[in-house]
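*Asks:* Model the full assembly from the supplied sequences, consistent with the hints where possible.
Residue numbers (this note's numbering), protein chains in the order written: chain A, 1 to 355; chain B, 1001 to 1556.
Warning: the hint list may mix true and false statements.
Cross-link-like lysine-lysine pairs, in silico, PhoX-like; alpha carbons within 25 Å at most [claimed, not checked]: (1) LYS323/A / LYS1459/B; (2) LYS1525/B / LYS1492/B; (3) LYS205/A / LYS57/A; (4) LYS1161/B / LYS159/A; (5) LYS1002/B / LYS159/A; (6) LYS9/A / LYS1459/B; (7) LYS1002/B / LYS142/A; (8) LYS321/A / LYS1452/B; (9) LYS205/A / LYS190/A; (10) LYS1022/B / LYS165/A; (11) LYS1022/B / LYS159/A; (12) LYS1507/B / LYS1452/B.
What the hints contain is simulated information worked out from the structure, not anything from laboratory work.
In this text, all values refer to a predicted model and were calculated from it rather than measured experimentally.
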Amino acid sequence: MELLQFTDKGIYCEQAGVFLDPWKPVDKALISHGHSDHAYFGHKHYLTSSLAMPVVKHRLYLKDNIESIDYGKTISINGVNFSFHPAGHIPGSAQIRVEFRGEVWVFSGDYKLEHDNLSTPFEPIKCHAFITESTFGLPIYKWKPQHEVFNDLNDWWRKNQSEGKTSVIAGYTLGKAQRILRNVDASIGKIFTHGAVESINQVLKNQGLELPDAPRISDEIKKEDIKGSLIVCPPSAVGSSWMRRFLPYSLGVASGWMKLRGTRRRRGADRGFVLSDHADWNDLNKAILATGAERIFVTHGYTEIFAQWLRERGLDAREVKTKFEGELGEMAEGSTEAVADSVGSATGDIQQSNG
Amino acid sequence: MKHFTRLFTELDQTTKTLGKIKALMDYFDHASDEDKLWTIAILSHRRPKRSVNATYLAEWARELSGLPEWIFYESYTVVGDLAETITLVLPSEFEHSDFTLTYWIDFIKSLEQLDVPQKKEKIQEAWRLLNESERFVFNKLLTGGFRIGVSQQLMVKALAKHANVKENIVAHKLMGNWSPDTNTFQDLLHSNDGTDISKPYPFYLAYALEDDVSTLGDPNEWIAERKWDGIRGQVIVRNGQLFVWSRGEELVTDKYPEYQVMLNLLPDGTVIDGEILPFKGELPMLFSALQTRIGRKTLSPKILKEVPVSFVAYDVLEWQGEDFRARPFEERRRKIEEICGRTDSKVLRLSPRVHFDSWEKLADERMRSREFLSEGIMLKRKDSIYRNGRRRGDWWKWKIDPFTVDAVMIYAMRGHGRRANLYTDYTFAVWDGDQLVPFAKAYSGLTDEEIKQVDRWVKANTVERFGPVRSVKPELVFELAFEGINRSTRHKSGIALRFPRMARWRKDKKASEANTLNDLNALLKMESGGQVAGEPGSQDAGGPGRPDEKLPKIFE
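*Replies:* What follows is the structure, encoded as structure tokens:
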């Protein structure tokens, strides 16, 4: 029996009777981070990192069926030791280390190596088996350092401002939005947020994260304050009537998918900023080598290709199917449709269980 | 190169016309004449000759990036563009350099005389000296097919403003046989010597009529003709020489040797606009017949006999050396009737007028379009001048409704360019008994939202993968629209469609309700009237399905 098994409900540790990021309702779920393709609704008990808990609790409307544990602390369940370690993906995101009788597995969840001035930086964990994502597991995806991206973003904002335009930047509500807020040059002008971003900001602020002043767009905010400002919104707001009030504006999209000219043009954005919370090609390779693992399991992303590449590098790698937003959520980072869908079905579940 | 790359990036980033014109004007105001000239050339599809084989480029990029061939190929299928794939896989490091666009174009041209190892050394050196966006531009110039998303009209507009020359004059100057190797920016835009006797006029193009025809007002203000299904062309006779231009601004005189008789039919200083159209007897042939001859390097006596080509004239742009374009169409029409009336040549024919006194009458005529192997009706306002580019208002094409068929999607392939990484190109099948036979591919017609939905469906309903192609569960039904249907030996179904596209996603239909191969064969019989593509020799205009007595005699 393998320490971790890939089942149709999620990654399962039979010895401990717990699942990692399961997508079907289970008794005990260990959750790597708060994005909705990893933190599903409907489990009986949740365990997350201390930093991830408030968001998970907020997003899934949990009351007292959630517990948390600090990074690096160990909890033992039926002889299996579990610990959470920073994954650098978003605030509170964790790799989950699983150890039983000297055998160590690490489930990475989503991760990136670059320090983003927001999340606790990624820590490599030695292990025998490593379960890795491969969202950007192709050699065409290589990121520039984030300070270069933010230089571009600041220049874009200044230029729009000088032309009397508002700058609207679309990025995922949990993680990307705060990364933008923490790293953009807030001295350029006023910053506002969409309600969905603001509600996550509140949760993170309550747990001590410092963010620049960025009130939610509301009717009380004066038109002349909005002109020339920066507005941070989720990708789902793009093209909505909500955005019309900002005319004239320039629309930017912040996502790793913006690396491709085709995606940039398809999004209909004025500017694409290549800013991702996932490891790029070089960092995926680097992270995997740093674990020293002999066995690699490749989940969501360019799974077959990336696993084949690792095999040619002499690793025992194979692809595994999960419900993490792999190809289906190809645009998940750039659009929240996939996420909205799964949130929708989660709410559907609530109604069903109530009725 | 930095300037040009910035221009390219700005043009690529904005979808707004005003933004594009502004970016172009900024660039023209700052660039050197040499660079400007090359920019105009690139934007009007005059690129340096391709000097390096694409396979080599891919190989050299792989070598620098240490990637195996298969993963490069996988990357390419995701990116959908070779120049971009190379750009993205190359190591990110580069040394700053500041050479001009003209420098790099000369660099690319200089490659031509080199042998392969020398080319490799030069290109790998160039990649080291350029940053990521510059590399992309460089690679695009190397590989050709550089689509920048700026229409000729837009460029003309910006250039006219920059050089303070009228738009229609700029448009005319940019036509024809110039090249940055032989012309300077100054003589291209400002010279008046008219040394280029081959220079054509910019074509005036019509938009499709989408509103009801009655919105055009009084029928008496309009002249109607059939809309021919050939190649738009311009015939020029000047100084005892003949030049034939196709709409793609390509000089095609050599492709139509039968047009040499025009030198006897037309006096010097004549330019006429019309359709390059193959004829058999008094009836045009299908476009597919013309296709069998346009692709050929040499024209055999056999093909000249099987697909003889006429020029169907419908406008005169220059007469006795005088530019006629500002005269009203009615007057030009009288002139072209007079010119064509002087000859009974089968090479130069007049595009006949379709007479009508009411829109109802014209609608009836339009319904007869297929009898004439035409695509519909052209409507031109009597008092319209001959403008340049595609314009609304005075000229309209009123095409006949396309054929339609309900078909099942069985394969999906990733798209290119804007649609890379998204399943947008589909293969469709119809029923032959209980088998589904593929018969058409289509990639256009769906909205972005529908494409997204189909893309997700494809990813969730894949049966097998073959590189960029996936076979999918045969469940989705689409209504395909197309302009024509032909027999084909190249397709398994034995059928080839002309311009197939998706007219509707039939969410209301099950796969079992799609059309059959028999339905298509019936349509084929009705449509081709005995003409069979690929075997032009076997045609005769009075073949099965087209009884002699119904033969329209409009060209007599």
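*Asks:* Can you name, in rising order, the numbers of the hints this structure does not satisfy?
*Replies:* none
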